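So the sequences go chain by chain: A and B. Quick note: the first sequence, position 378, residue 378 per the numbering used here, numbers continuous. Quick note: the second sequence, position 333, residue 333 per the numbering used here, numbers continuous.
Worth flagging that the hints you see were computed from the coordinates, not collected in a lab. Fair warning: this is a prediction, and the values are worked out from it, not measured in the lab. Cβ coordinates follow ideal geometry from the N, Cα and C atoms, glycine included. Some hints here could point you the wrong way.
Dumping the calculated EDC-like pairs for lysine to aspartate or glutamate here, alpha-carbon to alpha-carbon at most 20 Å [to be verified]:
| no. | chain 1 | residue 1 | chain 2 | residue 2 |
| --- | --- | --- | --- | --- |
| 1 | A | LYS566 | B | GLU151 |
| 2 | A | LYS566 | B | ASP108 |
| 3 | B | LYS223 | A | GLU559 |
| 4 | B | LYS93 | B | GLU263 |
| 5 | A | LYS474 | B | ASP108 |
Chain B is nowhere near these chain A residues, computed Cβ spacing over 10 Å in every case [claimed, not checked]:
| no. | residue |
| --- | --- |
| 6 | THR5 |
| 7 | LYS323 |
| 8 | LEU441 |
| 9 | ARG542 |
| 10 | GLU549 |
| 11 | PRO556 |
What follows is a set of in silico ranges between Cβ atoms, one per label pair, in the way DEER data are often shown [claimed, not checked]:
| no. | chain 1 | residue 1 | chain 2 | residue 2 | range |
| --- | --- | --- | --- | --- | --- |
| 12 | A | PHE183 | B | LEU212 | 53 to 61 Å |
| 13 | B | VAL200 | A | ARG542 | 40 to 48 Å |
| 14 | A | ASP550 | B | VAL200 | 33 to 41 Å |
| 15 | A | LEU567 | B | VAL200 | 22 to 30 Å |
| 16 | A | ASP186 | B | LEU212 | 55 to 63 Å |
| 17 | B | GLU271 | A | LEU472 | 45 to 53 Å |
| 18 | B | GLU271 | A | ASP550 | 56 to 64 Å |
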Amino acid sequence: MTKSTVEIIHELFSDNKLDSFNLKISESKGTVFLEGNVDRWDQAVMAGHLAGSLRSVTAVVNDLMAADTVPELFIRTAGEDRLIGHADVVVIGAGVIGSAIARELSKFSLDIVLVEKESDVCCGASKANNGMVHSGIIQEPDTLRSKLNIRGNMLYENLCRELAVPFYRSSLITLIMKEEELFLLDLVKARGDALDIPIEILSREEALNLEPSLTPDLKGAFTAPSTAMTSPYKLTIAYAENAVENGVKLFLNTEVTGLKAERGKLTRVVTNRGSFTTRLCINAAGIYADKVAEMAGKREFTIHPRKGELILFDQVDFENHAKIPTGILAIGQDPYTKGGGSMVTTDGNPEWGPTAIETADREDTSVTLEGINRIIDKFNSVIPGFNPQKSIISFFAGVRAATYTEEFHIKPSASMKGLINVAGIQSPGLAAAPAIAEMVLELVAAEGFELIENKSFNPVRKGQLRFKSLPLRKKKELITRNPLYGQLVCRCEQVTEGEVLDSIHRPVPALTLDAIKRRTRIGMGRCQGGFCTPRLLLLLARELHLPLEDISKDGPGSELLLRPTKLKPD
Amino acid sequence: MNNSRDYIAVIGGGPAGLAAALSAVNAGCNRILLIERDRELGGILNQCVHDGFGTLGLGRSLTGPEYAAHYIDEVIKKPEIEIVSNTAVLSLKKNRRIIAVNQSGLLDIKPSAVILAMGCRERSRFQTVIPGFRPAGIFTAGTVQRLINIEGMLPGEKVVVLGSGDIGMIMARRLTLEGAEVRGVFEIAPRPGGLTRNIVQCLYDYNIPLHLSHTVTFIHGKKRIEGVTIAPVDQNLNPLSDKEFDVECDTLVLSVGLIPENELSREAGVELDPLTGGPFVDQHMATSVPGIYAGGNVVHVYDLVDYVTGSADKAGLGAADYIKKKLKKGSARLLPGFNVAHVIPQYLSLPLEQTLEIFLRVKEPAENVKIRLSCREQFIFEKKERIVRPSEMIKVKIPLDFINSIQRNDQITVSVE
């Protein structure tokens, strides 16, 4: 007699010393529901993963409460029923996925609304990502993550050309550090052949010839030449800008608070600023995608946040750093750094990480000393000639929106017609983004939408001007045309007032310090804004006609200045 | 500006640039281009409204703007000096070609000599590796100084200061005067980083607690900073995590060190001293690249503006001499010895022609010590000093008689024993 899914999960739990006696485990149409109490958060996560590891399980709703963790308290923002518009499609979340989908849909004659709760696009994982466009080789074949990664990688080059986004085929060297693990190379090669992913196996000497800064302790390696690097936030901004240029209406500082249906069909998307009538909604809410999906009436999957910390290094130390991104392949890898690698951003900063830390707090973007040390220990041994402590220029963390099946969850809601969930988008989500947008388009067509080509769609976005990278002659011309391109605001990255004003007045306006930083690199240099912050505050206040104390780092609550001084000169 | 073919470009119009330009004129150079990034000359002095400037050099205690004005008044009187303000240097090459930019266009020049006078910048939260979130409300002390004294804006009212550098302590006082509550100054080292007079006048007089051997180990708050975790540190400066405590604040002010600003120096191929972060210089402030001189905090971070001015005086003179082709032959090396963190100059160009002035910082505080110069295993000079502290720069004058035995390729060790 075959065992039921629930029975198998009970066995799995007891094999892993999880007392499942008090836990309620149920299953319906491939979705497993876990309820009850455990002692620790990591046990709750392990339980979710064990359930999600079964092939027959398509989703896990994990309601386990951990005694050591403060339960998530959601104070839902008040919704505003007042109608503010109609849309054929409402896309929730302007991360890389939501923005890619909005831009893909703008190829058709549709009224599209893109809502984002933050003050800028790309405020979640899309801004705190290492920027690698993976080849797809490490993904388990026959998964969505594998298929969409490989397809996305193929689409990238042309996409970045259209959108004026930095992109280069960096390749990736993956090292084998133990003699007894060299057999992995054959498996990798076989998978590459089967999936049509170019792979080259390298001997120790070949690897060291290719990248002399690598440790001589390596035993073997392979390269995946189709691996590439892009700028995740510049791509997201470009997607959103091009979407807006093609008619998409972007609403920033707009948080979805509810979905309304009639006879099981979506009719309204309610936000804190008013509601939209619509027939179709795409949930690309990232780390909150399960909460949005639940607004359809039922819980369908659970997101478990997994933090990734990254360290950025000074551009001047690039010469001592490996030029080709590097990773390590091993059996039973350190679960806290999983993959992770050393790479160089498209702006020339060496970059190490990320870690992989399960966290109960969806917004835990803090970087810990343990995280920093873990990353440094790991890659110090890979690139021994580089001095990370001396070179650190910044560090940050993003939170991956993983589901317990560790698979992309891209499918129509089971609870409400007209809602498509695009959730669980973790690594290789950036690489897969263009392919995810394509896939969503198919799902939209399957919902019965008639897709009529938008004849005026223009795929080409004009990029933002970068004074520093222009030749002298062009610089001169530019200043003659507009003297503000001759006014330097950021000394480290040589950003001019003209560029700052450009970023404030583009199709997706930059309204905060961080938003301007992402578009111009202002404050990203080695002084990290010490010099330019006061100047930037003045510029933003002037351009937005706001008092200085209203200018924020990244939206309401992050204002920089409290009040004028007692003797404010004027 | 007259049309002499030879001219000096001075990069930076702060205290160092002003002094260098004046001294070059006094040394006979009749054409100088003073390039300043900001609208006005004076550099960081303009935001230093506290007093204490000029006590050594001018015999008066002035505010920063007053001290700057003293030199600016002189500079604008000199027809030899052309001031190009609101102009940022983008590039400096080994052949002394300078590309600068302003609202009228590009400046593409190749002066006969260049004086680096770009000053220094502050270490950031990331370089200091303070973990935690990245909220608004974390500022370097210099940024807060500019916001309050120039822009007239107060960043917050519950303040923690990390680091007891001079600007940190001065800003603790300034914030208090503006009505903010400074909840403490925390210093990772077992002793203060700044001058004794600032500890007294800025902290003790205002009841601001100074906690030595403490550091910030975590920054809390997702949007605006809400607090910091503080830990005492052991002798190796490692935080004692079991003794951590939290302090609520809306602002964190960092005064955790200054770094000479040497992006242009590096581009020009000037060799930098890893001990100071600034260029290697000789007693005339000549760098390793012929015709490129350096003065002030771009060389190493001085504690007093009077010393900045003094070092820039030498750079101005050196550059003027360079144009007059008064070249030196051969050089000896000055090296830091026992209890010396670094010493300026690092090179001596021979022959030595006058009293030598050297600057040094000690690693550890000490009392009743001797500053000793030794060459070929023999002491050549010795000077008693009652108290030495790492926070206070030591200036030593060595008459020519003691050092005229120095020969080419000699290594002279400076120690404090």
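Hint check:
{"no.": "1", "hint": "A/LYS566 / B/GLU151", "result": "12 Å, holds"}
{"no.": "2", "hint": "A/LYS566 / B/ASP108", "result": "44 Å, violated"}
{"no.": "3", "hint": "B/LYS223 / A/GLU559", "result": "8 Å, holds"}
{"no.": "4", "hint": "B/LYS93 / B/GLU263", "result": "11 Å, holds"}
{"no.": "5", "hint": "A/LYS474 / B/ASP108", "result": "14 Å, holds"}
{"no.": "6", "hint": "THR5", "result": "39 Å, holds"}
{"no.": "7", "hint": "LYS323", "result": "20 Å, holds"}
{"no.": "8", "hint": "LEU441", "result": "35 Å, holds"}
{"no.": "9", "hint": "ARG542", "result": "12 Å, holds"}
{"no.": "10", "hint": "GLU549", "result": "7 Å, violated"}
{"no.": "11", "hint": "PRO556", "result": "8 Å, violated"}
{"no.": "12", "hint": "A/PHE183 / B/LEU212: 53 to 61 Å", "result": "57 Å, holds"}
{"no.": "13", "hint": "B/VAL200 / A/ARG542: 40 to 48 Å", "result": "41 Å, holds"}
{"no.": "14", "hint": "A/ASP550 / B/VAL200: 33 to 41 Å", "result": "39 Å, holds"}
{"no.": "15", "hint": "A/LEU567 / B/VAL200: 22 to 30 Å", "result": "25 Å, holds"}
{"no.": "16", "hint": "A/ASP186 / B/LEU212: 55 to 63 Å", "result": "60 Å, holds"}
{"no.": "17", "hint": "B/GLU271 / A/LEU472: 45 to 53 Å", "result": "27 Å, violated"}
{"no.": "18", "hint": "B/GLU271 / A/ASP550: 56 to 64 Å", "result": "47 Å, violated"}
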